[in-house]
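Colleague: Just so you know, the protein sequences line up as chains A and B, in that order.
Heads up: the first sequence runs through residues 0 to 315, numbered per numbering that gives the first Met the number 0.
Heads up: the second sequence runs through residues 0 to 331, numbered per numbering that gives the first Met the number 0.
These are computed hints drawn from the structure, not numbers from a lab.
Be aware that a few hints might be false.
Straight-line alpha carbon distances no greater than 25 Å define the calculated DSS-like cross-link-like pairs of lysine-lysine that follow [as the list claims (entries may be wrong)]:
{"no.": "1", "chain 1": "B", "residue 1": "Lys-94", "chain 2": "A", "residue 2": "Lys-248"}
{"no.": "2", "chain 1": "A", "residue 1": "Lys-208", "chain 2": "A", "residue 2": "Lys-234"}
{"no.": "3", "chain 1": "B", "residue 1": "Lys-94", "chain 2": "A", "residue 2": "Lys-252"}
{"no.": "4", "chain 1": "A", "residue 1": "Lys-123", "chain 2": "A", "residue 2": "Lys-188"}
{"no.": "5", "chain 1": "A", "residue 1": "Lys-188", "chain 2": "A", "residue 2": "Lys-259"}
{"no.": "6", "chain 1": "A", "residue 1": "Lys-87", "chain 2": "A", "residue 2": "Lys-64"}
A partial selection of chain A residues facing chain B, derived with a Cβ cut-off under 7 Å [what the hints assert, rightly or not]:
{"no.": "7", "residue": "Gln-189"}
{"no.": "8", "residue": "Gln-203"}
{"no.": "9", "residue": "Lys-208"}
{"no.": "10", "residue": "Arg-235"}
{"no.": "11", "residue": "Asn-304"}
{"no.": "12", "residue": "Asn-307"}
{"no.": "13", "residue": "Tyr-309"}
{"no.": "14", "residue": "Tyr-310"}
{"no.": "15", "residue": "Pro-311"}
We put the beta carbon where it would ideally sit given N, CA and C, even for glycine.
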Amino acid sequence: MRKTALKLATAAGLFAGLTGVAIAQSKNVTIGVSIPAATHGWTGGVVYHAQEAAKQLEKTYPGLKVIVKTSPDGASQANALDDLSAQKIDALVVLPFNSDELTNPVKEVKKRGTFITVVDRGLKDATIQDIYVAGNNPEFGRVAGKYFVDTLKQGNVVVFRGIPTVIDEERVSNFEKALEGSGVKVIDKQYANWNRDDAFRVMQDFLSKHPKIDAVWASDDDMALGVMEAIRQGKREDIKFVLGGAGMKDIVKRVMDGDKMIPANVSYPPGMIATAMNVTAAQFFTNAPMRGTYVLNALLITKDNAKNYYYPDSPF
Amino acid sequence: MTDTAFRTGATERRFSLDLRALSPFIALVVLIIAGSLVNPDFLTISNLTNVATRSAFIAIIAVGATFVIASGGLDLSVGSMAALVAGVMILTLNKVGGADSATLVAGMAAAIGLSVACGLANGLIVTFGRIEPFIVTLGTMGIFRSLVVWLAAGGTITMRNADLRELYRPIYFGDIFGIPIPIIVFLVVAGIGALILYKTSFGRHVVALGSNEEVARYSGVPIWRVRTLVYVIQGVCVGIAVLVYVPRLGSATPTTGLLWELQAITAVVVGGTALKGGIGRIGGTVIGAIILELVANIMVLSNFVSEFLVGAVQGAIIIVAMLLQRSLHRGR
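Just need the whole structure built from these sequences, with the hints factored in.
Modeller: Okay, here's the thing in structure tokens:
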């Protein structure tokens, strides 16, 4: 039904001999967005940015309808994909829970001729996607490592790892690669599960174990907050700064205000879902070529540029 | 003749019972010795008080879990409950606003009130719904967790008033005569718990219910009331733990209290309480909670365990500690 309507609209547009922009205005397009539910800070940010982008895109392109669905785990996300394709979507923007579980369900949606945009976590079969938008985890580690080399020059650093995953491994190994040949040395690293309480606990133990620590790579803003509290309690003056990551608003605010312990941050924006939605909508409403892979840079946030990364209304 | 034989039997039994209650302490001493061999910094006062203070949340929750497990029940919802109660408490503090003790009292009242309500809900559903506690609390575990995620909109619930935060902070970081306040709190909670479990008829009813429900029923134990009340006690303990937890980081996130239920149950079992019910040991539970935190601490302080293997070594130490305890009282 919708397809016919679309064809008719296009035909009518061609008949009238209008320009591409005018054709776009008469189009009806539905984009389904499937993302994880807000189970931790970063995915909370994803949900926020997806909803904001949906509102803004529907305003920009009349005739565009955006349906945002959140799912608490991989299996329910597969079900959500079924529900979405039952609603006859023209395009799907999906941030999969994990690559293995969701490759086939997304492939099924693709078979119906739906345009597919994959975000952040790649599928097993790269031929499914028309557009791929991702953050840059190796870069995330490299930028952080370079910051330590540039500002610290030499000294002892402790490293906090997240949850044992590919993301974590890429970040940490590239961080260590960036330190190679410099005077900055990693004296200890532990998993703290991207969790404040665990980071607090591990940092207390690091403080008992190491009499001199020059800086901390917390690698995540939640962990950075736990680390800061442990340092404050231990009354240690030797630690010059803590570097987190991902651009949580409380941390970005402190960077903006010039907090000495948090002089910088590395971005890994949950807003990448909005990037993906914008590119996908542009595929339907502009004549510019859009298919391809988009890798968002992990950028160093400092006092000078922090205001560009500060979203006071976001939950993250 | 018979008289003497009887008497020796009785003393022997008492001796072996004491030893069984003592074995968690022995495991603790062995761990402390092991820790000091791994790293000389382990035995510093600051490290040991850090560990004891950190174990306070799990210890307090585990005192409640001792009641539930001794009565033959199980509560899997405590971790999620702690997160929800912490979230609601912080939201209340933010709402009331002012940086004075009246605000704190309002927040604390909200926390304890909600935790009692959560415990009561668990207890009533288990008792009157006649559903396995494993299923009931698995359900409420999901409910409480989603509620806190919903309240936080997936982000973080943080205490907004910095002055209030400073006022409240000493409850975790402060001390009385050099003893950190969380340690005092958990000692008091454990003391009251022991008093209730060992010295009141309610306590004996809990154990009777856990060892044999039918016999307890025919002996006139008010089974429904006792069963509901143990979950309420568990709720109160979660509430008290939250009162000590919130001043530490001043925030609750969707990952707050994750897996605390397993840690609490482990502490209870390591402490000598039988998972099938009928025996409850408060002192052992407290030691169990400290042992868990100590093992994690030794892992971080050691230089020879790769960060990838920490979980495996931790698990092995707990199993070995349990085997040691078991062989101790089998040997007698």
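Colleague: Could you work out which of the previously given hints the structure breaks and list their numbers from low to high?
Modeller: 4, 10, 11, 12, 13, 14 and 15
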